[in-house]
Structures are given as C-alpha cells and as structure tokens.
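Colleague: What follows is each chain in one-letter form.
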Amino acid sequence: MSVAVDSQTEHAEPGAVLPGSIKVLLEDRLGEPTAFALADVAPSGRFGQAWVALGDGHLAVADLNGADGPQLRLTPLESNVELEILEGVGSSRFRVVRDGKLAEELRFSQRQAKRFSQLLRRGQTHIRGQEQGEQPETPTGPEQEEKFCDKCGRLIPDWAEACPRCLQKRRILWRLLSFAWPYKRWLIIGMGSALAVTLLQLVPPKLTQLLIDHVLQEPKPGTPPERDLLWTLITALSGKPGTAHRPDLLWPLIAGLGCIVVLRVGFQYLRLNRLARLSELMTHDLRTAAFAHLQKLSLTFFNKKPTGHLISRITHDTDRLWDFVAFGIVELVMSSVVVVGIAVILFLEEPVLAALTMIPIPIGVVLTYFHTVAIRRFFHRLWTKWSRMTSVLSDAIPGVRVVKAFRQEDREVARFTGRSQAFVGDAMDLHAEWTSYWPKVMFLMNLGTLIIWGYAGPKIIKGTDHLTLGTFVMFLGYVWMFYGPIEQLGMMNRMFQRAATSAQRVFEVLDTQPTIYTKSSAVPHPRIAGSVTFEDVCFSYDGVKRVLEDVSFHVDAGQMIGLAGPSGGGKTTMVNLICRFYDVIEGRIFIDGTDVRDLDLYELRSQIGVVLQEPYLFRGTIAENIAYGNERVDMATIITASKAANAHDFIVGFPDGYDTVVGERGQTLSGGERQRISIARAILSNPRILILDEATSSVDSKTEMKIQEAIDRLVKGRTTFAIAHRLSTLRKADRLVILDKGKIVEQGTHEELLTKEDGLYAKLHTTQTELQSMFAV
Amino acid sequence: MSNETEKVDSTGCDEPAAVRLARNERGQLELRRGPEADPIAPVRLARCFPWSLRERYISIRDKDGEELVLLESLDGIEPETRALIEQELDQQEFIPQIITVDNVDDDYEVMAWKVRTDRGPIELQVKSNDDIRQLDDGRVIIKDHAGGKFEVPDLSRLDPRSRRLIEDHLG
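So the sequences go chain by chain: A and B.
Counting from 1, one number per residue, gives the positions in the first sequence under this note's numbering.
Counting from 778, one number per residue, gives the positions in the second sequence under this note's numbering.
Every clue listed holds true.
Dumping the calculated DSS-like pairs for lysine-lysine here, alpha-carbon to alpha-carbon at most 30 Å:
(1) LYS904(B) <-> LYS114(A)
(2) LYS147(A) <-> LYS904(B)
(3) LYS643(A) <-> LYS702(A)
Every beta carbon over 12 Å from chain B, so not counted as near; a handful from chain A, in silico:
(4) LEU25
(5) ALA67
(6) TRP186
(7) LEU281
(8) ASP556
(9) VAL575
(10) TYR602
(11) LEU760
Derived from the structure by calculation, the hints contain no laboratory data.
Bear in mind the structure is a predicted one, so any value in this text is a computation, not a measurement.
Cβ coordinates follow ideal geometry from the N, Cα and C atoms, glycine included.
The following block holds chain B by itself, in its conformation from the complex (with noise of 0.2 Å):
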C-alpha cells in the first residue's frame, strides 16, 4: 500500500455546473442533471456537516433517500439553482440562536428558559442538563422537550448572566 494521497477525487462529487433545479407546482424540487434528462422529483436536501462544514458538501436525494448528487460546494453552481438550494436549505432548517437568556427556573426537573433569539423570544422546556451540551469549539445546544434544538454560537460572547445561567447547567 502506498501512503500517497490518492489523485482521484475519492467522494464522488458531480460536475456542479450540469446541476438544475427548479421548484414544479406542488412546490416540490425537480432536479434535471444535464439538459437533456429528465426531471426527478421531488429531490430533498440535505447537509453533510451541519455543524462543522455548513456551506459545503450538499447532499441532494431522492424520496427513498438515496443520494442522487452530492455537491462539494455551491461555487459554480448555476445562480437559479444555487439561490433555490439556499432557499430550500433555509427553509427545512430551523436552530434559532440564542441572543440572551433572560431567565432560567431550575426549581424542578423540568426547567423553563426564557431566551431571546434571533428568530424572536420564547420559552423552552428543557427537560434535564443533558440536554445542554456544550461542543468542542465552544457552541452550546440546548434542545427543548420536543427535540427541537437551539444554538448558542459563541459562550464566550454572551453577556456575563446568561452566559453564567448556561454554564450552570450544562450536562
């Protein structure tokens, strides 16, 4: 074996050029890979890294889920198409982020937050610590009783109190 880096472009990314999409009536996605070939839909998207490599490694599959193309960046890719994967990525994503935590009631199991985010207040119902998991870089994600998640991108940026509230619990 050897220890050289291998030449070929082991992860199978398309040519990004040849990628359409386009949103039909049902407002599903239609992808068209070349001109020439038919339309597949509806295609979903999905990210490789969500949390570590946001803007690359774009996964675009079928209903059952398999990977149709797999984009290693949205460079070059044609404007329509890029703006529709941005929107659509947008649109099935949703992890508000913390601005500030106004208030934390640990009196019992079940905790109530009360943060501020960048998509508006709101209350979380936070049913243990290990549910606040801090990540190697420094994020924090909190996730609420209902598994939805909420990001805190920098602790160290946070004003002191809610940075000491999350710090208190962390899990």
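Looking at chain A on its own, in the form it has when it is part of the complex (with noise of 0.2 Å):
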C-alpha cells in the first residue's frame, strides 16, 4: 500500500522530507521529532516506507507496510534500550533491542543509510545521557550530505553548489560575456563584422534579380519599378529616377557585386581575428582566475572533488568556452540573422513562394537535432568500446612477461580480437547514421529548388504572372544560404547547453569560499615558541563518521611526540589540525597557548614542516626543490641543509649534482634519497613545529640509519609529532601517545607503556620484535 504524497514533498529525494501524515501522526505523541530516517525497504524485501523518528525521550516507528493502514509503535529511549545498524551489502538493519529482546528491525537501502546512522548517534546520546543522569546533549558539527533540488528532486552533482539543472543558463551566459568586458572594443568590431558579413551575404542575389530584370532584359511592360525599393534607390542615386530598363549599370552593378565580394573577405577576417584573440585572453583570465583562487581554498574542498575534475575545469572546460564564444555565439546569431534576413526578401517579393520555398527548414532543423543527439550516443558507446579494446593493450603490453610465461598469447589475442569486433559492430552504426544525414540534407535543400521550379517555371513561361526571371534566380539564390543556419540551429540547444554547465563548473571554483582563512583579528606571532595543547578535540571529514573525539593532550615547547597505533587510528588526522589543514568540529587547539583559528594562517603554516612518507617533489632540480618555500636562499644554505640531511654525497654523486631535474620525467630517486632531500628542505625552513609522517618506513635499513641521523639533527629544539609505525624509531621520544579508534588509550614515556602488560602499546611492541627476531636470523 501507499500513501498519498504531499505536495510539498513530491520532489524531494525520499526519506529527506517527513510527509505531512506521518509528520501529524508523529506530533501527536512526540512532539516535533529531533530525527527521524526512513526504512525504505519492507520485510519482504520490497521497497516499502516505515519512518523512524525520535523525540521527547521515545523512539517511534511509524509502519506503512502493513496491510491496514499506518501502525505507530513507540519505545521509550531508557537505558534498558540498546540501538544498533546490521551492515549488509545493499541493505542494512536499524534494530532495537529492548531488555536484552530485540523489539524492532527495519531494513533500509544504502541510500538511507547517512540519515540512519546520524539517527543511531543521536539515539545513543540520549540513552547515555539517561544512563549518567545528564541532560543528553545535542550532537553539534557540520552534517554533510548529498545535496538535492528543491525544485526538481534531483541529485545535486558534487562538484555544483546550486541544481545545473534549474540554473538559469542565461544568467551564467551573461557572467560569461562579462568576462570579456575588458576587451570590449575587439568585441563590439568582432560582432559588428560579424553582421556585416551576413548582411553582406544577403546582397548578391537581390542584385543578381535586378540585373536580370532591368539591366540584361526589357522589364516586362506593367511592372512598375518603384514596386523595387533597392533599384528606385539605385536609379535615384545614378541620376534618372524610376527608369525601368537601364542597360548602361551593368558595369556600375557588377563592380558593386566586386566590391561586396572584397567587403565580406575583410569582414571574415575581422570577425575570425578579433573573436578568436579576445576568447583566447578572455579563457586566459579565467583559466588563471580559477587556478589562483583553487590554491587558495581549503583541503576539504579538494577532498570532495576528485583531482581530474579539477584539472579538467581549467584545461577542459574553459577551452570549451573559448570555442563558444569565439564561434557558438557568433554562429548562431549569424544563422538567425540570415533565415530572417532571407525570409523578410522573399516575403516581399512573392509570399507564395517563399513560404513554399521555406518548408524544408523547419524539417531540416529537426532531422539536424535528432542527428546530432544519435551521433553523441554513437560517440558515447564508440568511445566505451574503445577503451575496453586498448585496456587489453594496457594489460598485455606491459604484462608480456606473464603472458608469455603463462603461454596465454592466444587468450589475449582473442579477447583483443572480440573487443575490436565490438567496436567495429558499433562504429558501423555511426557511420550509418552520418552517412545517411547528409543525403536527407541534400534532398531537402534539392527539394526547395524543385519547388521553386515547379511554382515558378510554368508562371514564367505564360509570362501572364508579375513573377520575373530575375526573382527565379535569386530565390534559387537564396535558397542554397540556408545550408548552413539549419545545422547551427540544429546544434543551438546543446551547445547552449554545454557552455552553460562548462562556464557553470569554472564560476563555481570562483565562487567557493575557503572554509579556512585567517581572521581580521588574528594575532601577528612571527615566532612561536611550539608549545601544542589539544582540548577536548573532535574531528570528522564526512560529518558522519568521527575519527578523533574528545581528544586532549599538552606538549611543551621543543618536545618529541610518539604518535602511534593501528592505522586508521587518527594519527595523520592530528597533524593535518596542527597544520590547520581542517578545522576541528568540536574543541579547541592552541599553540603557544593561542587558538590556532586565531593565527595568521601564512605564519602558522611557515613555521610547521612536514617530512611525510612519499615526499612529493616537484619538476624541477634538486636544489630548487629544496629551496621551495624559502627562494631567496644562497647555495651555501643549501648545501648546509643537505649535509645536515645526509644528502649531500648522493646529490654531488649525479653528474648533474644539484642541478639535477627530479619529479616527473626527471632523474629517478630512490625512496631514501627523496626522504632526505624533503628533510634537507624542512631543515632549510627552520620550522618550530616538526611533523616526521613515517618518515623512515620503506627503506633499507642501511638507508633508515642515515635518515635517523638526519632526523635526529632535525629533531634538536622543535616540537616534533613523529608518527611511526615501526616503534624503535620512536624510542627517542619524550613522550608516546596511542590512538586507538580515534581516542587517546595510552600515554607514556617508551618504558612506562612497555610496564603496562595489557596496554596496546606493549602488545604491538612485542609484536613486532618478535617479527623482527624471526626475520633476523
């Protein structure tokens, strides 16, 4: 069964919105709920609807997937309640065991499965609060969830603030064409040639039938000229006004017929020169635009969207628009502008015809839309079918070894030989579609000129028709310019459509606030001392899940910290806050007794340094990499710095030595040498806070000793948060600090945790030394 929508919910996503009978039901004994999600999926594993809702300390289920109407059943949330969610693969279980006996279970698919567990949280509050006799707390921090339209339902794409989908694609048109403002006088010329080029067009047919009529032939007695306002213009002008026959302006006419021709050339190349000039500095601007202000937002924003999109927003998208406004725009005004222009000339010569005349475009219109939807799905399943063909290339070329070792030559010739089929079976049906396009074009556009014959022909031969040779042949003229517009026209909606999202995609990273800036109040502190004090510290990157809470500690200045314990445990979490990468959701982190939030963001950055397991270095040479972040630094400093990071004889070993090129399609370096080439540049910075991210993991041991001493001269004065995962590294240390899941277990001097048996520190430390015994012999 179902029950009646409301209006106001009949777009939402479900399971977003409370309907209003339920909402009624639920009031009725709860109050306004707190939370609630909705339980999609019916015992029978159909899709069905029971809502779940908490509120003035009970649990309500409202249940629609009975067969006699909605049942409301109601658990009072005490501390003989336990909540918990069964994960399943698809679908999970929401149940509530009451005294021990399970009193509810609701099934509900993966896309209610953020609301559900937010409902589990806040229920577990409550019940922890009654248990300690606390008021239960409100849980704070962002909830992030996929956004959906109001108007519409749909999913918002990640990337886009607002629905693309409901946008006005005019106002962000518009925006677009501000950004070529600067450059206004290239557009006014571009676009001003642009309409002369087709008004221009629009010309030599019209002289053509006045050459005809009244330059090569006697015009037909009872034709009045003045019915012809360009040839009264023309006699006016050459001196005998409302002559009829005037054989003597053929060569006036034809040099007008050569001027034209030179005109519309000297347009063209205005219109081409200037638009393509001023698109490309306008994508130039926006591209740099939308680059400058991608380095200046915060992590979670480039955590949300995936690496290739962005870099697909400045290259991709932006070249999009430098082909729309160059040439979209320009195209499809200039369509318009001669389909009109042609109709209004052939109406007042002769309604008739022209409307004959003007049948096959609309029809053209349609078949060129319809065409170029085909030819994108085409092009989308070409495109599939091509990447499963070269995945095999990918896999068998660099893998030949395996293959050949595991005599499947045959195998992968065969699966390349099936997949090629595929795409030969699909690039069949594109050429089909193309092929048989431009034929239906021609027809049409053939089909015009016959009817013109047909109307046109008898009428001349009887000669009793006002309708003249010469307006034959310029309506045959004309007939030929609407070639073009049908395609423009054809493709209007969707090129309109791809720039608009394209621009749409590039002004969202310009209109992206970074969530983390510094404050007009924060205070200067040029040089910190790097003492670090954690205050009941909560952190989660998707509002869902925490991975650190309620976490506190107090390091003073020039300490060594241990960070340890299981992955996942919220060690790299820590620095990124101390880095201020993220900002906490709860608590506070100061340094030098100073929340960081209220420090200049460029200082704090300056004085961290960040030694992390993959070291990331950049295309270009040894010493610049080690000089980045620090420019204006002599070569003596540099030198100092990698004889204090023990990479000085392994760089002056190259024959390029520090001017060897590194990063990509550069010089390879080892694991090691990268290590310490990043620690000469954390060395160089001079930074007061030190964060080693498994700096010494992945390495020889040989190797591993050289980047310890490295460290260790590194390490002397700063605070440093080392994390590690293996624990001798960590025996210098002032102090460890284990995270388990988020929370501080364990905290301790080396020796201390070891004297706790059952402590997690003492456990993976005998772990991993009796792995060590075993490998060592």
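Got two chains here, separate frames each, mind docking them using the hints?
Modeller: Here it is in structure tokens:
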C-alpha cells in the first residue's frame, strides 16, 4: 500500500522530508521529532515505507508496510534499550533491543544509510545521557549530505552548489560575457564584422535579380519600377529616377558585386581574428583566476572533488568556453540573421513562393537536432568500446612477460579481437547514421529548388504573372543559403547547454569561499615557541564518522611526541589539524596558548615543517626542490642543509649535481633519496614545529640509519610529532601518544608503556620484536 | 614440486553436518560447532563469491570479521540451520533486479533512471556512466548515488528499448 504524497514532498529525495500525514501522526505522541529516517525496504524485501523518529525521550516507528493502515509503535529510550545497525550488502538493518530482546528490526537501502547513522548516534547519545543522569547533549558539527534540488528533486552533482538543471542558463552566460568586457573594443569590432558579413551575404542574389530584370533584359510591361526599393534607390543615385530599363548600369552593378565580395572577405577576417583573440585572452583570464582561487581553497574542497575533475575544469571547460565565445555565439546570431533576413526579402517579393521555399527549413532543423543526439549517443558507445579494447593492450603489453610465462598469447589475441569486433559493430552504426544524414539534408535543399522550379517555371513561360526571371534566379540563389543555418540551429540547444555547464563549473570554483582563512582579528605571531595543546578535540571528515573523539593532551615547546597505534586510529588526522588543513568540529587546539584559528594562517604554516612518507618532489632541480618555500636562499645554505640531511654526498654523485632535474620525467630517485631531500627542505625552512609522517618506512636499514641520523639533527630544539609504525624509531621520543579508533588510549614514555602488560603499546611492541627476531635469523 | 593436484581440501571447509545456527532473543545469529560446543554470538554471514558463485562457499564469521566456519555448500546442512542461513542472507542482501528501464533523463551530469525492479519501481540517481558497468558474462550493474547496486541479470533478454537505454550509457 502507498501513502498519499504531500505536494511539498513530491520532488524531494525519498527520506529527506517527513510526509505531512506521518508528521501529524508523530507529533501527536512525540512533539516535533528531533531526528527521523526512512526504512525504505519492507520485511518482504520489496520497497516499502516505515518511518523511524526520535522525540520526547521516545523512539517511534510509523510502519506503513502493513495491510491495514499506518501503525505507530513507541519505545521509551531508557537505559534498558540498545540501538544498533547491522550492515549488509545493499541494505542494512536498524535494530532496537529492549531488555535483551529484539523489539524492532527495520530494513533500509544504501541511500538511507547516512540518515540512519545520524539517528543511531542521536539515539545512543540520548540513552547515554539517561544512564549518567544528565541532560542529553545535542550533537553538533556539520552534517554533510548529498544535496538535492528543491525544485526538481534531482541530485546536485558534488561539484555544484546549485542545481545545474534549474539554474538560469542565461544568467550564467551573461556572467561569462562579463569576462569579455575588458576587451570590449574587440568584441564590438568582432560582432559588428560578423553582422556585416551576414548582411553583405544577403545582397548578391538581390542584385542578380535586378541585373536580370532591369539591366540584361527589357522589364515586362506593366511592372512598375517603384515596386522595388533597392532599384528605386539605385536609379535615384544614378540621376535618372524611375527608369525601368538601364543597360548602362551593367558595369557599375558588376563592380558593386565585386565590392561586396571584397568587403565580405575583409569583414570575415576581422570577425575571426578579433573574436578568436578576444576569447583566447578571456579564457586565459578565467583559467588563471580559477587556478589562483583554487590555490586559496581549503583541503576540504579538494577532498570533495577528485583531482581529475579539477584539472579538467581549468583546461577542458575553459577551452570549451573559448570555442563558444569565439565561434558559437556568433554563428548562432549570424544563422538567425540569415534566416530572418532571407525570409523578409522573399516574403516581400513573393509571399506564396516564399512560404513554399521555406517548408524544408523546420524539417531540416528537426532532422539535425535528432542527428546530433544520435551522433552523441554513438560516440559515447564507441568511446566505451574503444577504451575496453585499449585496456587489453595496456594489460598485455606491459605484462608481456607474464603472458608468455603462462602461455596466454592466444587468449590475449582472442580478447583483443573480440573487443575490436565490438568496436567495429558500433562504428558501423555510427557510419550508417552520419552517411544517411547528409543525403537527407541534400535532398531537402534540392527539394527547395524543385519547389521553386515547379512553381515559378510555368508562370514565367506563360508570362501572365508578375513573377520575373530575375526573381526566380534570386530565389534559387537564396535557397542554398539556408544550408549552414539549418545545421547551426539544430545544434543550438546542445551548444548552449554545454557552454552553460562548463561556465558553471568554472564559476563554481571562483565562487567557493575558503572555509579556512585568517581571521581579520588574527594575532601576529612571528616566532612561535612551539607548545601545542589539544582540548577535547573532535573531528570528522564527512560529518558522519568521527575520526577523533575528545582528544586532549599538551606538549611543551621543544618536546618530541611519538604518535603510534593501528592504522585508521587518527594519527595523520591529528597532524592535519595542527597544520590547520582542517578546522576541528568540537574542542580547540592551542599553539603557544593561542587558538590556531586566531593565528595568521600563513605565519602558522611557515613555522611548521613536514616530512612525509612519500615526499612529493616538484619538477625542477634538486636545489629548487630543497629551497621550495624559501626561494631567496644562497647555495651555501642549501649545501649546509643537505649535509645535515645526509643528502649532500649522493646529490653530488649525480652527473648534474644539485642541478639534476627531478620530478615527473626527471632523474629517478630512490625512496630514501627523496626522503633526505625532503628532510633538507624541512631543515632549510627551520620550522618551530616539525611533523614526521612515517618518515623512515619503506627504506632499507642502512638508508634508514642515515635518515634517522638526519632526523635526529633536525628534531633538536623543535616541537616534533613523529608518526611511525616501526616503534623502534620512536624510542627517542619524550612521550608517546597511542591512538586507537580516534581516542587516546595510552600516554607515557617508551619504558612506562612497556610496563603496562595489557596495554596496546606493549602488545604492538611484542609483536614487532618477535617479527624482527624471526627475520633476523 | 609436483604438478599433481593436492588431495587435501586446501580451502579448509568445515564439515557441514555439525554446524548449527539459531537466532537468540536479541535477534542475533548464534553458532554452535557440535552439540557440546558453547554458542558464539553474534555471528555474521558472507558469500565468498557474491557474483560468480552465489550458492557456494558461505563464510560464518564473528563480529570482528574473523572466520569461524566456511561452508563449501549448503547441501547436507541441518534443515533448520539451512533455512536460517538462507533467510539471513536474503535479509542482509538487497540488489534489486531491473526488469524494465522506463526512462533515462541524461540532460545533466547526474542522470535520473526510472526503472522497474523485482522489488518495485524506483528512480535512481546515477552520478556518471562509470557507475554503469557490464561484467564479462553480460550482466550489468548500476550503482546509484548512494552506492546501492541494481542488477540487470542478462542484458540480451531485456526489451529492446530498455536495452538500448542501458547500452547508450554503459561506462
């Protein structure tokens, strides 16, 4: 059975809005619900509806899956109640256990999972509050969710803030044009030339008509010459107004035609040249503005959007906009002007013939529209098949040794042949489509010609009608001009669509405000001492799963802290928060007693040095990489830093020494070498707070010793946070902090922690020493 | 090294007849490995080959995901236990099978798919063509925005229109 859908919820994503009827039902018993979720799978396994809500100390289930109307069941949230979610494949179960007995079990699909996990958290907080006899706290923190459009109910893609479907395309395109404004002179010249080209294009057939009817032959008796505006104008200019037959004007009119050709070519040049250059500059502005803004944005933004998408916005999308501004808009305007202009001329001459001539146009536009849609479909299919085919190549060619060793040559050939055949199959469909499109359009155009012949021919032979030979030739001349515009107008919809989407994607970057920024009230702190305090810090990347919970500790300036514990415990998150790549959602972090959010972001980061497990080297020389972030240092300082990092010797060993180019396509360095370069970088920047994230893993033991030596030098006098899995490297730490599942489980020195036999650290340590002694044999 | 097939059952599958499952008052599954053994609860079930060999190799695991029992097949299992396993697997799985595709709105990046499934009609929001994948055996899996999966068991047996709509959007 189904429940009448309220009009306001009609477009919302299922589960996002409580239907009115359910709301009434619940409010009766609970008041305004504080949280709710939709269990959208019935016990039978079909889609169903049961609402779970919290309010007034109760958990309510409004079950609509039964045959006899909605049922309401209430469970008081007391300490004898447990809530749990049992995760499954595609659907999970929300369970309420009361006094050790299963009281409720509700199934929900993946799409309701986030709301249920929030509901679970709130319910559990409430029950905990009851146990401790306190007021239940209200959970805070941002609850990020996928957003759905209010108007159409569709999911808003994660790159967009507003629904691209419902956003006003026109407003975006105006904004795009505002980027052209600095180059308005070129814009006006380009647009003006485009208009001139179009209008000039309309003149020759008309002149041909006049040449035939008034110059080459005697006009038919009874045709008043004043009927034609242009002819009246020409005769007036030549000093004999109103004359019908003027063979003497042959050469001037031919000259006129010539002038038009020259002018058209000139204007065409101006149009293409100015607009192409204009849009190049404009997209350059857009591109650099987007990239500059991107650099300012917080890491949260980068986490939400995959790198590839961001790169394509700065390259692909701006390129598409270039195409649109340089050619798209103008082509469209010109096409419309041509169609309207010709229509006006033709209707003024011969309304009936004009109407007949224009019949093929709407047909052609519709034909083109469907053609572009189909072509796009076929191209997509082809593209998919193509990448399936090439994936065999990228599998089999680099893996050729494995292929040969397992004698799989024939299988690989068969795989490739099969996929190539699939590609050819779809390619045939594509060729069938476009090869049949052009004949259809050609036929339409020729049909236009035939219509003109069929209508005008008999009339001209009879000579009774006012339809002249010149008009006939003019019509033939104009009919071929519809060709281009038909194509353009058929593609119009798609072109606007694409340009507007691209523009939105670029503007989106420009419009995002960094969530982490320096407050205007920031205290200047040019030289920090380096004490760090965490006070009840909670953090979550997605707003649902907490990766740090109530973490508190204090580090004195100059101390070294080792962070250890199982992966996923929150170690890296902690150092991310110290760097203020993210802001805490609860609690505070102090550096030298000042909340990090009150420090100047730039100053803060300039005093933090980071050495990562896989150091990132930019494309450039080794010297440039060491000096990254400290551009104005002399070579002597670079050498001192490299020596301290134990990097000098191997660097000088390269043929190009410090000028060796590294990074993408540069000299390949081993992990240990990269590591030491990044240590040199950290030494050079002389930070007050140092972060070592797994700095010595994945190198052989001899290299490790060298790195360790370098690190020991680096650590001196700085507050250091060292993350390590290999616990032996943490022995020198003043204190160890052991994190597990987002909480600090142990703290103390190496020796202190070893004495706790049940402690996590002691366990980890025993396992590792055992492993080492096993391999040492 | 010899090329002969090992005679030992290297998967280490358990003897099915001794395995007993029951549901306790909390609704959890309880495992007993033999009549005398202590019950272990809660346990969870998992298929080893959810796509290619659904009915075989069912793993019974404790709450930390460590395997307690591996069943090679459900044959020879005590009938009540077998019924419980089948019921539980059915409860924890939810992959609707698409019967017809009524409409695909793909004007914008996020597509809206109106489909009819064996579990009832539904509209899916699909983020990109990458979420529509064909397996080598001809099945198609569509993933919605939340990660929910929908299956087309055999593309070639769908009505032509539905098939065309899916083929046009395969990623």
